[in-house]
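*Asks:* Put together the whole structure using the sequences plus the hints.
Protein chains in written order, with numbering that gives the first Met the number 0: chain A, 0 to 500; chain B, 0 to 98.
Keep in mind that the hints were calculated from the coordinates and are not lab data.
Bear in mind that the values here come from a model prediction, so they are computed numbers and not experimental data.
No false leads were slipped in.
Think about it this way: if two alpha-carbon atoms lie no more than 20 Å apart in a straight line, the pair counts; the simulated SDA-like pairs of lysine to any residue are:
#	chain 1	residue 1	chain 2	residue 2
1	A	Lys101	B	Leu71
2	A	Lys143	B	Ala80
3	A	Lys410	A	Lys488
4	A	Lys479	A	Arg489
5	A	Lys488	A	Gly465
6	A	Lys92	B	Ser53
7	A	Lys92	B	Arg16
8	A	Lys101	B	Ala82
9	A	Lys92	B	Arg13
10	A	Lys92	B	Leu14
11	A	Lys202	A	Val345
12	A	Lys143	B	Pro81
13	A	Lys92	B	His54
14	A	Lys101	A	Pro300
Facing chain B, from chain A, some residues (calculated, C-beta under 10 Å):
#	residue
15	Pro39
16	Gln49
17	Ile305
Some chain A residues well away from chain B (every beta-carbon gap over 12 Å; in silico):
#	residue
18	Ala5
19	Asp119
20	Asp338
21	Glu340
In this text, a Cβ means the ideal position worked out from N, Cα and C, and glycines have one as well.
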Amino acid sequence: MTTTVALMDYADVIARFDPVLGLEVHVELSTNTKMFCGCPTVFGGEPNTQVCPTCLGLPGSLPVVNEIAVESAIRIGLALNCEIAEWCRFARKNYFYPDMPKNFQTSQYDEPIAFDGWLDVTLDDGEVVRVQVERAHMEEDTGKSLHVGGATGRIHGADYSLLDYNRAGVPLIEIVTKPITGTGERAPEVARAYVATLRDLLKALDVSDVRMDQGSLRCDANVSLMEKDAPEFGTRTETKNVNSLRSVERAVRYEMTRQAALLADGGSILQETRHFEEASGTTRGGRRKETSEDYRYFPEPDLVPIAPSRDWVERLRTTLPEMPAARRKRIQEEWSLTDLELRDLVNAGAVDLVAATVDAGASAAEARSWWVSYLSQQANNRSVELGELPITAGQVARVIALVADGSLTNKLAREVVDGVLAGEGEPDEVVDRRGLKVVSDDSALYAAVDEALAAQPDVAEKIRDGKVAAAGAIVGAVMKATKGQADAKRVRELILERCGG
Amino acid sequence: MPSISRGEVEHLARLARLAVTEDEVDRFAAQLDQIVQAVAQVGQVADQDIPPTSHAVPLTNVFRRDDVRPGLSQQQAVAAAPAAEDGRFRVPRILGEEA
Ligand SMILES: [Zn+2]
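*Replies:* Here's what the structure looks like:
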């Protein structure tokens, strides 16, 4: 069934072609209700339990627009530096597929609510690429199909699909870039960074939970190649099912190498929708793309136009939060970070976590050190994102406080963090249960110091003779005897005191 | 001068997944042609300064509060469906297409 696909070496692709990208990001809004009816939008319900006559397209039902969804669309547009339409309409996009029970999707066609914007995207090494945004428009999500039989072979010859319309009608904003040119070999990276930046921005706006794994943020990647100095763009493919940031980068890169091999061989690119295969990192051909005319768009007669007053738009502008890029700049100044330190922080996905840890009372330097080094390592070991570790910013702040007041050494603190990560409870509980508190009780320490001095009389003699550096050996012995739970500084003081220092 | 070709009728039929016979293609082409010509008369009276009208009522910004309202139960939802399975609508699979 699988045929070998010719791919061109990436360096050769770049030497011969210029890639052109177009990214379409769909974001599901986290409103309480759907775009045109009062059904809930909660993810994961039993099939067809979040439906009503409107989102099932039953005769006689009429849609009414969700005001919060329109506000979210305008806020997204403003955050993307877009113009906001003074007047715009919804349109019916007609197509024959059972994922919309109405047999059309209510969308916007030539009158998007937001248009002509841009988003600055910072790559890993600090280079900034400005991506032009063509439009952001409102539409509704589709239902989910489950295909049974046929290819899966479970029911021979009984090909059919099962439809769940819980998601049908959930508010969706589609954000479309203008063609992204001139990024050369960095095109796959730019695609990934754009989606990541957009995700952070949407998160800051608090309009969506932006979970790529649950489909609330989805990216379709249009890729085409043009020979160097070609007068116009080549034919593009649109890759769907790109469900993670990493997949965005892989899908673009794969399409570039696939298309280049085809073109170099004298072939031509079929304008089609392709499907990204997560496991192999490849794309496979899907359906031939219908042309825009085939969708027979026309103004939605059941919904009146939307005409956002300039007052309303300006009022919404005042609700915009500090944008992630501006926030990073401020944080860099407040925490006195070098560009490199800031980049490490951003690349580790730790900005929000460190900020929350600082808010919980920790110093910026300590908070940064924990998240960027030890906790990043733990996340790496578990192959999860930093934010997915089972420890909160508040818990990290508590551990930092325990070190600051001398209750824990750095080594013990790491054990406490390990305990929290292992689900043993709050930091203080882990300290109690694992018995990790620093031994600061002087009487217990005096006993350990005396014992260590008695065991190494020659070293004790040297210290008494003023060779203070020799105390290190005794400190080591005491630390070993107390299983690292003593405060090394205090131990040293006691040794010198005992030796008459 | 017929403005609707046989090919266009066949294309429209395909988009709507309608099976039409050869005779029907000719008949529908002629009928659609008449409809298009009838509508085209609007162009004779509508001047440049008259914007196309999509809505008869001069209303804008009709919104709904974002409050959940009760809908249908699963049983009610699939009650009128020709076929259902496991609380889902059962439909013929459209081969070779994916959403
Ligand atoms: Zn509904």
